[in-house]
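Listed in order, the protein sequences are those of chains A and B.
Under our numbering, the residue at position 323 of the first sequence is numbered 311, and the numbers go up by one with no gaps.
Under our numbering, the residue at position 219 of the second sequence is numbered 256, and the numbers go up by one with no gaps.
Hints are not guaranteed to be accurate.
As the list claims (entries may be wrong) - Computed cross-link-like contacts, DSBU-like style, restricted to lysine-lysine with a CA-CA straight-line distance of at most 35 angstroms:
1. K204(B) / K225(B)
2. K225(B) / K377(A)
3. K161(B) / K225(B)
4. K164(B) / K202(B)
5. K95(B) / K202(B)
6. K225(B) / K164(B)
7. K164(B) / K377(A)
8. K190(B) / K204(B)
9. K377(A) / K204(B)
10. K100(B) / K57(B)
11. K155(B) / K225(B)
12. K155(B) / K377(A)
By construction, these hints were calculated from the structure, which means they are not laboratory data.
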Amino acid sequence: MSDAPTNTNGGAPVLDVDPGIPSGSPKLAPWELRFTSYDVEAFEVPRGREEQWRFTPLRRLRGLHDASVTADGRIDVSVVSGFGDAAADLAGSGTRHETVGRDDPRLGDGGIPADRVAAQAWSSFTEAHVVTVNEARSDDEPLTITVGGPGAGATAFAHMQLRLEHHAQAVVVLDHRGSGTVAANTEFVVADGAKLEVVEVHDWADDAVYVGAQHLSVGRDATIRHTSVTLGGDLVRLSPVINYRAPGGDVELDGLYFADGGQHFEQRLLVDHSVPNCRSRVMYKGALQGVEGGTAAHTVWIGDVLIRKAAEGTDTYELNRNLLLTDNARADSVPNLEIETGEIVGAGHASATGRFDDEQLFYLMARGIPEAQARRLVVRGFFGEVIQKVRVPALRDRLEAAIEAELEVVGV
Amino acid sequence: MSTLEIRDLHVEVETESGPKEILRGVDLTVNSNETHAIMGPNGSGKSTLAYSIAGHPKYTVTKGQVLLDGEDVLEMAVDERARAGLFLAMQYPVEVPGVSMSNFLRSAATATRGEAPKVRHWVKEVKTAMTDLEIDPAFAERSVNEGFSGGEKKRHEVLQMSLLKPKIAVLDETDSGLDVDALRVVSKGVNEYKSQSDVGILLITHYTRILRYIAPDRVHVFVNGRVAASGGPELADELEENGYERFVGAFGADKEEQPA
Chain A
-11 MSDAPTNTNG GAPVLDVDPG IPSGSPKLAP WELRFTSYDV EAFEVPRGRE
39 EQWRFTPLRR LRGLHDASVT ADGRIDVSVV SGFGDAAADL AGSGTRHETV
89 GRDDPRLGDG GIPADRVAAQ AWSSFTEAHV VTVNEARSDD EPLTITVGGP
139 GAGATAFAHM QLRLEHHAQA VVVLDHRGSG TVAANTEFVV ADGAKLEVVE
189 VHDWADDAVY VGAQHLSVGR DATIRHTSVT LGGDLVRLSP VINYRAPGGD
239 VELDGLYFAD GGQHFEQRLL VDHSVPNCRS RVMYKGALQG VEGGTAAHTV
289 WIGDVLIRKA AEGTDTYELN RNLLLTDNAR ADSVPNLEIE TGEIVGAGHA
339 SATGRFDDEQ LFYLMARGIP EAQARRLVVR GFFGEVIQKV RVPALRDRLE
389 AAIEAELEVV GV
Chain B
38 MSTLEIRDLH VEVETESGPK EILRGVDLTV NSNETHAIMG PNGSGKSTLA
88 YSIAGHPKYT VTKGQVLLDG EDVLEMAVDE RARAGLFLAM QYPVEVPGVS
138 MSNFLRSAAT ATRGEAPKVR HWVKEVKTAM TDLEIDPAFA ERSVNEGFSG
188 GEKKRHEVLQ MSLLKPKIAV LDETDSGLDV DALRVVSKGV NEYKSQSDVG
238 ILLITHYTRI LRYIAPDRVH VFVNGRVAAS GGPELADELE ENGYERFVGA
288 FGADKEEQPA
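Isolated chain A, as found in the complex (with noise of 0.2 angstroms):
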């Protein structure tokens, strides 16, 4: 042995799996016990300890999730082409943004909900936003879906359908901000052989709370690439459900969060394969640094991918990291793979979560570089693969500059 340190963790990596099966229960596959209705009254009011909810702080809902609160406020939406000072209408283009009634046959088409908050959404929503792409559009120019929540102290169900035709391609930025509750269904419908790429950013304001199902249908020979990141908010929880509609659904989903003291971030992930020769990727990466004395910062990740008997040929992954920055922080992460074939690709996990790695900081400072930038550097890093896929350059500034804002917080 050498008296030299060698490259730990700074501590043990702390794994965290849950085999998600309630004991007791007869053994079902969670597709099995996974429920599905439009109708709000089909579910039971969540009383915490079910397994769906059993991460969520559900007083702080504010009755999303025991019908206690009406909707007095609507969510603002509007679509440009183009992605910041770059932006313009749509006229003339092969996309455009309807509001339709509740009855617009198009809707449901991405999935149905699966949660009672959801289905709250869905039985309460009185307009939808549909915006349909129909051409293939340039990577140079994105579209831009602004959410706007219903103001400080108000209440919102919504609905939102993105819709992809027959080989139409899109970078689609959808830009969450502003303040109030909001319940909320967000389809993703994708054609055969169509190809999205969209970031979901939830940068709300620190009142806000948002809990959302996102629907995500992908067609034969379709691709999606799903970013979510979740920056601001006092709770947001995401449910994006993947339902491969025929063989051939290449599927990548990304998640960055950072939460703060006192924030609750909730990424649940259900990928499920039930067809042939389908591929998907999963990697969320999080940082939480919470405040001395404190509520903690908690994010939760639950990532659940079901390859059924007849997915042969699935090729799947997932993996979730956490970075602990401070004390008084606590990520749950528990991935869930369910495998019904063994004619498959491959399919693996990994989830890790862990505190800074005191090495990697010795290292960069023994180079000279002053402590808070070697931080900078390291956090940078972890969620520079995520960052990095980003298509639209103006939003990967936006991104990096939010990290940057996040680590001045506590003087990092």
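On the provided structure of chain A, position chain B as indicated by the hints.
Using the frame of chain A, we list chain B on its own:
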């Protein structure tokens, strides 16, 4: 002209059974343009000396001084030591995922030089230094040390030395794990920097092999946490011939307490 003075340095580490003294009064002076080899058996505290000079938090100095041109190094933070002109080529370079080598090198050069190097000159400087060390330019875009082989890591340590231009460089077992070709390349890089600068070098090694490539002016035998003997290059020849036995016998009374 620079001088690194180590005076009566005592260092301990925290172990499960309480603090344990590793360095027991090291005295050593390295001047510009001098190359000192420190040789010693495993567990003698050689690497502890290296990491203590660099300021690794695992090691606690309980007594003694480390001075660089009269300035108290022990009062400086790790990054301040590097900016003052000290460099440690590590035995186990650390992987930093997601931080590109080029970004890292530029950040380090900016910090140690006090200003960002001019882009055009910098690109050329890095390219030349990489070519000298036979490093594929593609490494510039890879994450720091991530997935590098042992030899690639050591080349990059020497690359950093040549770009950061320290006054005093401590090379901690830079030869370990290298095959003959890699050893030749790494040694050439060290000699190149020696010839271009006034650097003083403290070369820590277990084997005499590297001394055939990098000629020492002084050789120190390190046993049981202190310098047991010092001499000219001929001392290395004696170690090659007879090993450490003579010195361990005289200075290693409580050898069994040393890490294996």
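Task: 35 angstroms Cα cutoff - pair K100(B), K57(B) - done: 14 angstroms, holds
- [ ] Sort out whether K164(B) lies within 35 angstroms of K225(B), counting only the CA atoms.
- [x] Holds: K225(B) and K164(B) sit about 16 angstroms apart, inside 35 angstroms.
Task: Straight-line alpha-carbon gap K377(A) to K204(B), limit 35 angstroms - done: 41 angstroms, violated
Open item on the list: Just to be careful, I want the Cα atoms of K204(B) and K225(B) compared with a cutoff of 35 angstroms; is the pair within it?
Closed with: Distance ~19 angstroms between K204(B) and K225(B) Cα, so the pair holds.
Open item on the list: Next pair to validate is K164(B) with K377(A); report whether the Cα-Cα distance is within 35 angstroms.
Closed with: 28 angstroms, holds
Task: Distance restraint between K95(B) and K202(B), which requires alpha-carbon spacing of 35 angstroms or less - done: This hinted pair holds, its Cα atoms lying about 26 angstroms apart.
Open item on the list: Checking one constraint from the list: CA of K164(B) to CA of K202(B), max 35 angstroms. Satisfied?
Closed with: 16 angstroms, holds
TODO: Would you mind confirming whether the straight-line C-alpha gap from K155(B) to K377(A) stays at or under 35 angstroms?
DONE: Judged against 35 angstroms, a Cα distance of about 29 angstroms means the pair holds.
Task: Distance restraint between K155(B) and K225(B), which requires alpha-carbon spacing of 35 angstroms or less - done: It holds: about 27 angstroms lies between the C-alpha atoms, which stays within 35 angstroms.
- [ ] Verify the proposed pairing of K190(B) with K204(B), using a straight-line Cα cut of 35 angstroms.
- [x] The hint holds at about 22 angstroms.
Task: 35 angstroms Cα cutoff - pair K225(B), K377(A) - done: Between K225(B) and K377(A) the Cα gap is close to 40 angstroms, so the pair fails against 35 angstroms, i.e. violated.
Open item on the list: Please verify whether K161(B) and K225(B) have alpha carbons no more than 35 angstroms apart.
Closed with: 20 angstroms, holds
The earlier numbered hints that this structure contradicts are 2 and 9.
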